[in-house]
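Chemist: Here's the letter readout for the chains.
2 protein chains.
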Amino acid sequence: MRNLSTDLNHLAINTATIKQWSLEQIVEGCYARGIRAITPWRHDIEKAGLAIARSWFKDAGIAVSGYCRGGFFTTSDEKDPLAINENRRALEEATELGAAGMALVVGGLPNGSKDIEGARAQVVEGIAALLEYAKVLKTPLLIEPLHPVLAADRACVNTLRHALDICDELDPDVSGYLGVAFDVHHLWWDPELQAQTQRAGKGRLMAFHVCDWLVPTKDVLTERGMMGDGVIDIPKLRGWVEAAGFDGLCEVEIFSAKDWWTRDGGEVLDVCIARHRTAV
Amino acid sequence: MRNLSTDLNHLAINTATIKQWSLEQIVEGCYARGIRAITPWRHDIEKAGLAIARSWFKDAGIAVSGYCRGGFFTTSDEKDPLAINENRRALEEATELGAAGMALVVGGLPNGSKDIEGARAQVVEGIAALLEYAKVLKTPLLIEPLHPVLAADRACVNTLRHALDICDELDPDVSGYLGVAFDVHHLWWDPELQAQTQRAGKGRLMAFHVCDWLVPTKDVLTERGMMGDGVIDIPKLRGWVEAAGFDGLCEVEIFSAKDWWTRDGGEVLDVCIARHRTAV
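From first to last, the protein sequence lines are chains V and D. Sequential numbering of the first sequence, starting at 1, is according to the numbering used here. Sequential numbering of the second sequence, starting at 281, is according to the numbering used here.
These aren't lab readings, by the way, just hints derived from the structure by calculation. It is possible that part of the hints are untrue.
Mimicking EDC-like on lysine to aspartate or glutamate, the simulated pairs with C-alpha atoms at most 20 angstroms apart in a straight line are [said to hold, decoys possible]: (1) D:Lys498 x V:Asp219; (2) D:Lys394 x V:Asp233; (3) D:Lys516 x V:Asp115.
If you want the footprint, here are the derived chain D segments under chain V, 3+ residues with CB under 8 angstroms [what the hints assert, rightly or not]: (4) 423-437; (5) 458-471; (6) 488-499.
Glycine residues also receive a C-beta, built at the ideal position from the N, C-alpha and C atoms.
Required output: the full structure, derived from the provided sequences and hints.
Modeler: What follows is the structure, given as C-alpha cells:
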C-alpha cells in the first residue's frame, strides 16, 4: 500500500466538504496547504463562471480530479428524455475544466413509481447514450453506486457488483471511458466488496471517495463522519482498491450539516489533511 | 399466486405493529377480526407471563407465527460469549409457546470495532452453536437479513445472498431448522433479490414480513409505512417468494413512531386487514 503520511500527492478535496466556503476560498485554502486536486460541483462552477474557475485552478496548479455530477436518468421530463441534454451539458463543462471524469448519480425511482427494474433499465439506456459522447469528448463517466438506503430517492444502482455489471454490458472492451467511483460510505457494508473490487481492477476503478460512517447515523444524507471518527476500516478498503490496481487520488467528500459544515473552512481542511495521513 | 382478498388465512400480525396495545388487547383484537396468527416479542411475553400468554393464544385459537427475537451474537459480554445462554432462553420460550420459529437479528459491530468480517465470523459461530439446540427443541431459527443501513447498529447480515450462504454453510442438508425471514423493507432494493429468492426455495423461506418503504424515510428504524403507502412492489415480491415455494403467512411488521403507533389499535388492525387484501 502507498504511504500517505509523507506528502499530499494523493489527496483530493470535494468541494461539498467545505460548503461554508466559496470555490475561490477552497482553491486558495487548498493551494496554501499544498493540496493539489479538487473536485467541484456544477453549482460551484456556475456561480464562479467556468472560465474564471478554470483560471483559478490553473493559476494554483490544482488539478480537477472529478466533476459532480451527471446522472438522474430516471427523473427526467418529457422535454429531455433520460436527461440526456442536461448530462451532455454537464459533460461538456467537465471537459472544459479538464476534469479527470464525471460522476454519475444515476437517479432513483421516478415520482410515484414502484418499478425499480424499470428505473434500472432507464439508467442503462441513459449511460449507453452518454457514453458515446464521453468518448467523443474524451472525458470518462464514473458510475457511483450509492448506499441502498438511497435506492428510492437518489440512485437505484447500489452495489459495486451492479455498477460493474452495467460497465461490462455497455463497455465490454474497457475503453477507459466507463468506470466506477468507489465511495467507502456507500459500499463498506457489502460482504462481496473485496471480490467485486478485485473484479473491477484498474480499468474500472476511477475514483476513491473517503469519509466515515458514524454510529448512530440519523441522517443518511448529511451526517457523514470525518475519516477515523466512524466504523469503516478505511485502510483495509484502500488496501483492496490498491491491490486491484488503483493508483489515483483519495478524495474527501463529507456531507455534514451539523458538524463539519458549521466549522471554519480552514480547520476542516487541516483536519482532512491530518486524517488523510493517519486514517486513510 | 395465492388470492389474499377472500379470507385472512394467510395474515399474521407482529405485535410491534400495535405497540400502543398490550398483548392481551392484541389477541382480543385479532380474535374479534378473524386474524389467526400473531408473532409476539419477548418483552410482551415477559410482561404477560409465558403460561398466561400461551393460554390467551390457545383460547383464541391463534397460532404463534414466530418469536422476536434471538441473535445479537456480536454484542455479548464475557459472562455470556456469543450470547448463547440468552439465545437458549429465548429459544426455550419460543418452544414453550409453540412458535413456528425464532427470528435472529444477528447483531452489528461490537462497540468500538471496525471489524465487520470478524463480527460476521462471530455470527456464524453463534448460529452454529444455537442450531444444535434448535434441533433438540425442534424450533427453527430464521436469519433475518436487515437493511444495509443497519449493518453497524443491529445486524451485519444484510442481503439474502449472505443469509443463504450462512444457511448453506451450517445446514447443507436443509434440515428444516435453519432458514431466513424475508422482510420486504430490508430486501426490496437488492438487484439480486429474485435470483436469491429462487435459490432460497421452500426449504429456507420461513417467513415473509410486509410493510412499505416511505419516500422520504427520515428514520430508518421507526418510520416504516403501511403496505401500499410506499414504493415497494409488494405483490411482485410475494410472487417471487411464492414461485420459490413459500406458502406461509404474510406477517405485518410496522415500526411507526409518528404515525401508526399514535392511532387507535383497532384502526391499525382494520387497515392492516384491508391492505393485506389489496396491497400485499
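Chemist: So, for every hint listed, does it hold in this structure?
Modeler: Hints versus structure:
no. : hint                : result
1   : D:Lys498 x V:Asp219 : 7 angstroms, holds
2   : D:Lys394 x V:Asp233 : 6 angstroms, holds
3   : D:Lys516 x V:Asp115 : 10 angstroms, holds
4   : 423-437             : holds (count 7)
5   : 458-471             : holds (count 4)
6   : 488-499             : holds (count 6)
Of the numbered hints stated above, none is contradicted by the structure.
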